[in-house]
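All chains should be built: construct the whole structure from the sequences, respecting the hints.
Top to bottom, those sequences are chains A, B and C. Quick note, the first sequence lines up with residues 4 to 171 if you use my numbering. Quick note, the second sequence lines up with residues 3 to 651 if you use my numbering. Quick note, the third sequence lines up with residues 1082 to 1397 if you use my numbering.
Bear in mind the hints are in silico, worked out from the structure with no lab data behind them. A virtual CB, placed ideally from N, CA and C, is assigned to each residue, including glycine.
Simulated restraints, written as ranges between beta carbons of each label pair: (1) B:505 <-> C:1106: 43 to 49 Å; (2) B:328 <-> C:1202: 29 to 35 Å; (3) B:501 <-> C:1141: 40 to 46 Å; (4) C:1141 <-> B:513: 38 to 44 Å.
Spelled out from the first residue to the last, the chains are:
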Amino acid sequence: MSRVRALAVVLMLLASCEREDRRLDSREFTTRYATWSDSSKGPYDHNAHGTTEGQMLFEQMNCSGCHANGGGGMGPALMDDKWIYGSNPNEIFTSIASGRPNGMPAWKSRLNNEQIWRLVAYVRSLSGLTPKGDRPSREDHMMVKPSPYQTPKAKPVIVRSTFTPAGR
Amino acid sequence: MSNLPVAQLLVEADVAREAAALDATWRDKSGVWGWLCAVEQKTIARRYIITTFLMFLAGGMEAALMRLQLARPENALIGPDRYNQLFTVHGTTMMFLFAVPMMQAMGLYLVPLMVGARSIAFPRLNAFGYWNYVVGVVFLYVSLFINMGPDTGWTAYVPLSGPAYSPGHRVDVWAQVVTFTEISALCGAVNLIVTVFKMRAPGMSLNRIPVFVWAQLVVAFMIVFAMPAVATGSTLMLALDRAVNTHWFNPAEGGDALLWQHIFWFFGHPEVYIIFLPAIGMITPIVETFCRRAVFGYTAMVMANITTAFFAFGLWVHHMFATPIPELGQSLFTAASMVIAVPTGIQIFCWIATLWGGRPRLTVPMLFVLGFLFTFINGGITGVMLASVAFDKEAHDTFFVVAHLHYVLIGGGLMPLFGAFYFWFPKLTGRLLNTALGKLHFWLFVIGTNVTFFPMHILGLNGMPRRIYTYAETTGWGTLNMLATVGALTIALSVLVFLINAVRSWFSGEHAGDNPWDAAGLEWATTSPPPSYNFVHTPVVRSRHPLWETTVEQPVVTGLRSDRREILLTTTFDAQPDSRHVGPDGSIWPLYVALCMGLLFIGSIFSPYSVLAGIGISLIGLFFWGWQSTQDVEVERVALPDGRMVDRL
Amino acid sequence: MHSFFDPASPQARAVAGLWWWMFGVGMVIWFGVFAVAMYAARQPHGQRGPDDLEHVSPERHRRMERVVAGAVFATILILCAFLVYDFSIGSVLAMHPKRALTIDVVGHQWWWEITYEDPNPSKRVGTANEIHVPVGELVQFKLRAADVIHSIWAPNLGGKKDLIPGYVSTLWFKADTAGVYRGQCTEFCGMQHAQMAFYIVAEPPVKFAGWLAAGSIPNPPPTDSLLLHGRDVFMQRGCASCHSIGGTDARATVGPDLTHFKGRAAIAAGSLSNTRANLTRWIQNPSALKPGVRMPALELSPGEMNALVSYLETLK
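Structure, rendered in C-alpha cells:
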C-alpha cells in the first residue's frame, strides 16, 4: 500500500517535471520528433510552456484568420468535439504540416517540426484534450473566448461530412 | 512600585517547589505527539529560528551558485531556465522565508522574556503560524527540486508573471508561498502586539520598554498594515488572474499592469523596514551591555522607530521611478525617501553617543555592531542617492541597486542579527559561542560582504542590469564579477565558520550562567536556557534597566496559580496589574489547521474546488480548536485592594 | 563602451554631475561617521560609578545632546541640499521637447522594434535593435511593449524608462558626442532578458539624414542566381512567415525587419556581431546561442544556407 502511495507521489512529481519543463534547444527536439508514434498524446501535450508557445504561434501565424480563435469561421471550429481529419496528435500534425482540402494551407515549409508540434498541443488544448493543468490560461488580450484552461473536455467525434465554411 | 497590591518582597518562599509545580503545568508533553502539539513559546520560537536559519543557508547556496555562473563572461554552468528559478527562489527565500520570519522569531523568543511574561499571548496561534510557515517552506523547495520553482523574480512583475507569459504552475507556487508567509507573519504580529501591550511585568510602563521590544511592537504594526497589501496582490489578484482568468492586470480588458507594482511595493518597501527595525533594535541592548551604560536618547530612538514606520509606507513609488508616473508625483516620493534617512541617522548618532560616554568592550557582538555601522551607512548613502529621481533613472534595476539592497539588508539586517546570535546564544542554549571563531567569522563576513557587493556598484553604473544569467566578454564586466564571486565564497566560508562554532558550542561550549554579560534586560533574570514558565515569579520593574538596579531586593509578583497556566495581564500604558488570564495548553489543532490551509492554498493552484474543501476541513479543525480553548473558564469579579474591580478567571 | 561615467548627452552629464557630488558628500559621511564611531569605541569617555556602570554628568549629557542634535540638523541640511540639487536636475530633465525627432520603440521578448515615423507611409523606416540618432538634436522615444514589461537604458546617454503594456511612455535626450552606445533591457522580461541589447548610433545630422533617407528605399532585387536562390529560400522556407524585407513579399511583423539587415552591427539583439560566420551559426540553431528564443531552427541544406546567407549579406 505504502509502495503504491510512494509510486503515486513519484508519478505526480514526474508529471510536474514534464509540465514545467522548458525545452529550449529547438534543434534537438526537431530531430527527435521527426517521427512520433504515440497516438494518445503529442510531444508537447503535457508541456505547459510548449503549449503556450503554440498559442503564440497560432496568433502570429494568423490561424485565427480562418479559425477565429478556435471558434471557427472560414475554417472549422477547433474548440468543439467535431473533428474532420481526426483528433489524435499525428492526424492534427498532418493537417497542419501538409494542409487539407478546402483551404487549409500546408505549413511544413514555413514552420519546423517543433513549432508544428507546439501548435498541435495548443489545438488539442482548445477542446480540452490535453491535461487541464498544462493548458494555457487567459491571454493578455480582449477576452474573445474562454481560455483553453477553462474549456471543458470535448470527447472527439469524427465528422465525415465535409466542412461548410460560414457564409457560404 | 513596591506599593502595588499584588507585589510583595519575596522574603522567603519555597522557590524550588513552586518551580517544579510551574514546570509540570507549563511544559509541553513529551513524545512525538507532544512534539506535534507543542505550544510553548520558546519551543516554537526555537523551531522558527532553526528553520529560518536553514532557509538562510538555502538562500545562500542559491546565491553562491548564481555567483559561480556570473564569475566569467558567457559561462555555461547554469542555463537561463535554472538561473531564473535560482534568483527568484533566492530572493523569495531571503525576504519571505528568512529575514522577516527570523526577525519575528527572535521577537517571539525574546519579547516575552524581556517583558517578564510567562508566555506569549496566543500560544496556539503562534504554533499555527509556525506550521503554516513550514508548509510554505516545504512547498517552495519541493517545487524548486521538481523544476517547478518560480522564475519571474521575487517581485513577480505582471504581465511576465501573469497567465499569458508564465505557463505552468511556477508562478502560482510563488504566489502561494507568499500567502503562507503572510499568514504566519500576521500571526506573529498579532501575538507580539498583544504580548507587549497586555503582558508586561508590573511597573514596565511604556517608557520603560526595552528598545528591542519597541522595535518589535512597531514592526508588528507595520506587518499588520503591509502584509494585507501583498496578500491582496498575490493571493487574490495574481492567483485569480492565473487560476480563474480574471483581468486585474490585463490592460486589454480594463486591467492595469502597473497596478501590481503599486500593490507590491506598498508592501515591499515597508518590508525592508520590517527587517531592518528589529535588527537595529538588537543593537541597542548590545551597545548598552558592552558600554556599561544606558543608551543615549531612549525617547529619541523610540520616536525614530515610530517615525520610520510611518514614513516607510510613503516611499513605495521610489521603486517605480522608471515607470510613466508624473514627475511631480515622483518628486514627493523623493522627498519622503530622503526624510526617512533622518530617523535612521538619529539612531546611529545615539549609538555613537552611547559608545562615546561608555566603556566599550570589543566583544564579538560589538564587532558586529561596528560592522553594521560600516556596511549599513554605505547602504544608507546609496539609498539617499537612489531617492533622487534623476539618478535612480540611471541606476534602477542595475547591479547598483543589487549592491545597495545587499548593503542595506546584510549591513542593516544580517550584521546585527549575527551580533544578536552571539549575544543571546547563551540565553537560547545555556552556553557561550567561541570568541576566537566568532572573530574569524566576523572578519571573513565583513570582508566578504564588501568584496562581493562593492564592485557591484561600479558594475551597475557600467551598464550591467540585474537578473541576467550571462554577459558578453566585450562588456568588460568580467573582472569585477570575478571579484564579487570571490567575495561571495568568502561569505560562504564565514557562514561555515559560524555553523561550526554554533554546533560545537551548543554541545560543548563554555557554560554561560544566567547573565554572562551582566546585561540589564529582564531576559537575563532567569536561567539560561529559561524554564518553560520563563520566571518562577513574575518580576516587578522599577526602571528601564531592571538588572542594573543597585537595591538588593528585587520585588516580584506572587499569587499566580501554579497548577494552571495563569498569566498576569497588566494595563497597556502603565503596566498596572489588571487581571489574570489562563493560557491554553498544547493542542494538535494548530498543526491540523495549518495542514488544511496548506491543502487549500496549494490545491487552489490545481483546482478552485480545493479552496472549498480546504475551508471545509479547516473549519472542523477551528471548531475543535475553539472548543478546547473555551473549556474550564470561570469568570469572577473581584475587588483589588485599591478598589478597582477586575475579572478573575 | 557603455558607462554612466562617460556621458555623451547633456542630460547624462547633468546626472553624472549630481552623482559625483553625491558620491563625494557620501564618502565624507561614510568615513566620517565611521571614524567617529571607531574613535568612540576605542576609548572610554565616561565616569565609572559605584555600580560599575558608566555615568555622564548632566552637563556633559547636555553637551552630547547638543552635538547629536547638531548632527541631525546637519543631516537635514545635507538632505535639503540633495533635494534642491536633485529637483533642479529633475526639472531640467523633465522639460518636454516641443518638437523633436520621434522614434517609436516597441519592446518584444527579446528584441527591440524601431520605427521612424513619417506622415508619408512609404517614407517610414523600420529597423531593429539599432537606433540611429543625429548628434546635437533632441530625440524623443515613444515607448511601448508588445508583451511584457521591458526597460530601455543607454548608460552614456542617460535616462531609463519602462515599456509597459497598456502605456505609452516617452524618453528624450540629445546626444552631443558622436559614437556607438550600447544598452540593454533592464527590466527582467523572461528567459532571454540577458541577451536583449541594442545600440544607439549617434552620428552627424547630415550622415543621419542620409541614413534615414536610404532607410525607406529597399534594396534592388538580386540578379545573381545564387542570390535569387537565397531569396527563394527566404520566401519559401519559413523566414518570410516572421520577417519582412522591404520591396519583397515578405511583410510579416513577428520578428525584426530585415530590409537593411546588413547595415546593422549586430544580430540576435546585440548578442553577436554581424558576420557571415555568426549569421550562419545563428540561422542553423538560434536556441543554441540564445536558449528559449522564438526563432526556430530551420532544416536547411548547406547549399540553401549558403544561398540564404549570401542573400541576407546583400541587404545593406
